[in-house]
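Here is what each chain is made of, one letter per residue.
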Amino acid sequence: GAVVSQHPSWVICKSGTSVKIECRSLDFQATTMFWYRQFPKQSLMLMATSNEGSKATYEQGVEKDKFLINHASLTLSTLTVTSAHPEDSSFYICSARIQGGYGYTFGSGTRLTVV
Amino acid sequence: EDQVTQSPEALRLQEGESSSLNCSYTVSGLRGLFWYRQDPGKGPEFLFTLYSAGEEKEKERLKATLTKKESFLHITAPKPEDSATYLCAVSLNTGNQFYFGTGTSLTVIP
Chain S
1 GAVVSQHPSW VICKSGTSVK IECRSLDFQA TTMFWYRQFP KQSLMLMATS NEGSKATYEQ
61 GVEKDKFLIN HASLTLSTLT VTSAHPEDSS FYICSARIQG GYGYTFGSGT RLTVV
Chain W
116 EDQVTQSPEA LRLQEGESSS LNCSYTVSGL RGLFWYRQDP GKGPEFLFTL YSAGEEKEKE
176 RLKATLTKKE SFLHITAPKP EDSATYLCAV SLNTGNQFYF GTGTSLTVIP
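Chains as they are written, first to last, in our numbering: chain S, 1 to 115; chain W, 116 to 225.
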């Protein structure tokens, strides 16, 4: 149980285009989801906290207008990288808190390459 | 300032050579400490949760322990398939956030 499905697993896009990444909780409802970014050989850095039905909370230094987060339902959160540039190339991972506990389950990640 | 530090950054072991990974934390109000395994190009995979000092959890060749300042992930007689990056993270009594350590990249040589 407590599976988070993330799609796509990898995407290549041209500079200036937008890319949407989806994160779904398959067998539980997630009122809160988290979006992380991970550079090669580095740890996960929290970008934003996504709250169902309300605005996301962004970490310091993360551009709200570039990384649009939508959490329209209890099972789906999306991250849209707008006007992507090569420096946005990274590994993006979502997670959700497991109901009834203090643990978190993670999606399989999305490798974004902007060319 | 809340901080989570892992050491060593990288570790190479011969198959069967036991060792330990360290996760030191300085946080106000620890709710739980978590260990994850991450394979290249994949999301973190949950291993253990520890909530209080003195607690221990075991799974196959892995054993996690917790004190008031640090956690150890002991790996006994590792196999090549144990090669991965091991991440620790802490959650606090306030809020929903997770703070990750920088990870230890483990390589087990046959």
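Hints are computed from structural coordinates only; laboratory data are not their basis. Predicted model only: the values in this text are computed from it and were never measured. Every residue gets a Cβ at the ideal spot worked out from N, C-alpha and C, and that includes glycine. Don't take each hint at face value.
Just the calculated beta-carbon pair ranges, DEER-fashion [stated by the list, open to error]:
{"id": "1", "chain 1": "S", "residue 1": "82", "chain 2": "W", "residue 2": "225", "range": "33 to 41 Å"}
{"id": "2", "chain 1": "W", "residue 1": "133", "chain 2": "S", "residue 2": "60", "range": "15 to 23 Å"}
{"id": "3", "chain 1": "W", "residue 1": "169", "chain 2": "S", "residue 2": "73", "range": "39 to 47 Å"}
{"id": "4", "chain 1": "W", "residue 1": "208", "chain 2": "S", "residue 2": "51", "range": "32 to 40 Å"}
{"id": "5", "chain 1": "W", "residue 1": "191", "chain 2": "S", "residue 2": "80", "range": "39 to 47 Å"}
{"id": "6", "chain 1": "S", "residue 1": "52", "chain 2": "W", "residue 2": "196", "range": "36 to 44 Å"}
{"id": "7", "chain 1": "W", "residue 1": "131", "chain 2": "S", "residue 2": "55", "range": "48 to 56 Å"}
{"id": "8", "chain 1": "W", "residue 1": "135", "chain 2": "S", "residue 2": "12", "range": "34 to 42 Å"}
{"id": "9", "chain 1": "W", "residue 1": "172", "chain 2": "S", "residue 2": "74", "range": "47 to 55 Å"}
{"id": "10", "chain 1": "S", "residue 1": "82", "chain 2": "W", "residue 2": "133", "range": "17 to 25 Å"}
Structure-based check of all given hints:
Against the hinted window of 33 to 41 Å, the Cβ-Cβ separation of residue 82 (chain S) and residue 225 (chain W) comes to about 46 Å, which falls outside the hint. For the pair residue 133 (chain W) and residue 60 (chain S), the beta carbons lie near 41 Å from each other, so the given range of 15 to 23 Å is not met. At roughly 41 Å, the beta carbons of residue 169 (chain W) and residue 73 (chain S) sit within the given window of 39 to 47 Å. The hint said 32 to 40 Å for the Cβ distance between residue 208 (chain W) and residue 51 (chain S), and at roughly 20 Å that hint is violated.
Separation of residue 191 (chain W) from residue 80 (chain S) is about 45 Å and conforms to the stated range, judged on CB atoms against 39 to 47 Å. At about 38 Å, the CB distance of residue 52 (chain S) to residue 196 (chain W) agrees with the hint of 36 to 44 Å. For residue 131 (chain W) and residue 55 (chain S), the Cβ-Cβ distance of about 52 Å falls inside the hinted range of 48 to 56 Å, so the restraint holds. Between residue 135 (chain W) and residue 12 (chain S) the Cβ separation comes to about 40 Å, which falls inside the hinted range of 34 to 42 Å.
Our hint of 47 to 55 Å for residue 172 (chain W) and residue 74 (chain S) is violated, since their Cβ atoms are close to 30 Å apart. Range check, residue 82 (chain S) to residue 133 (chain W): Cβ separation about 49 Å, and the 17 to 25 Å hint is violated.
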